[in-house]
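Peer 1: Here is what each chain is made of, one letter per residue.
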Amino acid sequence: MGDAEVPAYAALPPWKRDLALFWAYFKIAALVVGGGYAILAAARREFVTQKGWLTEDDVVEMLTVTQTVPGIIACNTAAWIGWRIDGLRGAAAAVLGAVCPSFLIILLIASGMTFLADFFAAPAVRGAFRAVTAAIAAMVAVTGVKMRKKTVTTGDGIVIALICFFAITVLRFSPPVMIAFAVAAGILLEAVCRVRLKREAKR
Amino acid sequence: MTPVSLFLLFVKYSALCFGGGYVLIPLLSADLVGAPPRPLSPELFSRIISVSQVTPGPVFINVATFVGFQQAGFFGSLGATCGAVLLSAPLVILAVKLLRKYESGVLVRGFFRGMRPASFGLILAAAWIFFELSVLGGPVPWFEPARISELKIDFAAAGIFAAALVLLGKTKINLTLLLIAAAVAGAFLCR
Chain B
1 MGDAEVPAYA ALPPWKRDLA LFWAYFKIAA LVVGGGYAIL AAARREFVTQ
51 KGWLTEDDVV EMLTVTQTVP GIIACNTAAW IGWRIDGLRG AAAAVLGAVC
101 PSFLIILLIA SGMTFLADFF AAPAVRGAFR AVTAAIAAMV AVTGVKMRKK
151 TVTTGDGIVI ALICFFAITV LRFSPPVMIA FAVAAGILLE AVCRVRLKRE
201 AKR
Chain R
1001 MTPVSLFLLF VKYSALCFGG GYVLIPLLSA DLVGAPPRPL SPELFSRIIS
1051 VSQVTPGPVF INVATFVGFQ QAGFFGSLGA TCGAVLLSAP LVILAVKLLR
1101 KYESGVLVRG FFRGMRPASF GLILAAAWIF FELSVLGGPV PWFEPARISE
1151 LKIDFAAAGI FAAALVLLGK TKINLTLLLI AAAVAGAFLC R
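Protein chains in written order, with the numbering used here: chain B, 1 to 203; chain R, 1001 to 1191.
Derived by calculation from the structure, the hints in this document are not laboratory data.
A couple of the hints might just be wrong.
Claimed, not checked - In the DSSO-like style, the derived pairs of lysine-lysine whose C-alpha atoms are separated by at most 30 Å in a straight line are: (1) B:Lys27 <-> B:Lys202; (2) R:Lys1172 <-> B:Lys16; (3) R:Lys1172 <-> B:Lys27; (4) B:Lys16 <-> R:Lys1152; (5) R:Lys1012 <-> R:Lys1152; (6) B:Lys150 <-> R:Lys1012; (7) B:Lys146 <-> B:Lys51; (8) B:Lys51 <-> R:Lys1152; (9) R:Lys1012 <-> B:Lys146; (10) B:Lys202 <-> R:Lys1101; (11) R:Lys1101 <-> B:Lys150; (12) R:Lys1101 <-> B:Lys198; (13) B:Lys146 <-> R:Lys1101; (14) B:Lys198 <-> B:Lys149; (15) B:Lys146 <-> R:Lys1172; (16) B:Lys51 <-> R:Lys1170; (17) B:Lys198 <-> R:Lys1097.
To be verified - Negatives, chain R to chain B, calculated, CB over 10 Å: (18) Pro1003; (19) Pro1042; (20) Tyr1102.
Everything numeric in this text was worked out from a predicted model, so none of it was measured.
Every residue gets a Cβ at the ideal spot worked out from N, C-alpha and C, and that includes glycine.
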């Protein structure tokens, strides 16, 4: 990433940006197993670490927004990044890239299921899947750790983050429940802070 | 079902899926899975879910394409998948615009105050789930939490996890390369 404030993609004509968005997402969706969070982490690696088109701050905003909006996380993040880089056309290009590989692979599997079902049951394929999932666990963990300083800035933030983590991993709450909890807690904390500030101002 | 009804059905599902595709499985079970008048048998459905989880790409899209094909062939797939992605871009763009517009309001500031740290917790939880599925040998597909007694450490997968952690954290290694290398190593070592 350069020191210039103009983003690296600004020099590219729109069609080249769209193509790059499509191809980046196509590649990720064709390779990454595990769905939304895995694809999001791969996209961060592509657009922040490799291309330098987005900053860590962008990723934080993307994370918070795309998880709260209903829909498929992978497509929501693709839409966010695409829109950021080339408006509606960019969003369409990225979402299309995220969808095409799945669509083609599953179409093949669905039309010739018996032999592909055997393929996925083979020990070597299961081993490969397990190893790729292990690498993806590392990639998602690295993404999380890189986000820490930007996401957890206050004492109540630490508490919210810990509650979300343990509620999901240990108590097996579902993520939507924790998202609703976090939004409610955040609004409550913010409201309480404002009331306090007003009182202090009066004194 | 016709491609058009599949399209509408998956528009509805995507609008109901908060926080990712986790809600899709119960929604589909409630609508489509069951004995004959219902279109999907429980056996077929569980096969669809397991295949969708072990093939690359967003799980929701995999399920939509699969269910669409089972119901109405190629055009069923197309209808279901288009329905699943239709709302993504409009809703995300609307959300960003609303958040920018009311930037200093209590609701928006509170939203970020809660959701920023929650995102951190959620993404680490996702990392833990992948870790459990691979290194600790949790069962795929993961409908239900694994029992501790069922878990056993796969040392080859643990090694790959550690190597990936170092490479991704410290270097700019190409992700495609890393995943292919992991797959090849796993095919031999993680059995």
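Peer 1: Identify every previously stated hint that the structure contradicts and give their numbers, smallest first.
Peer 2: Those not satisfied are hints 1, 4, 5, 6, 8 and 9.
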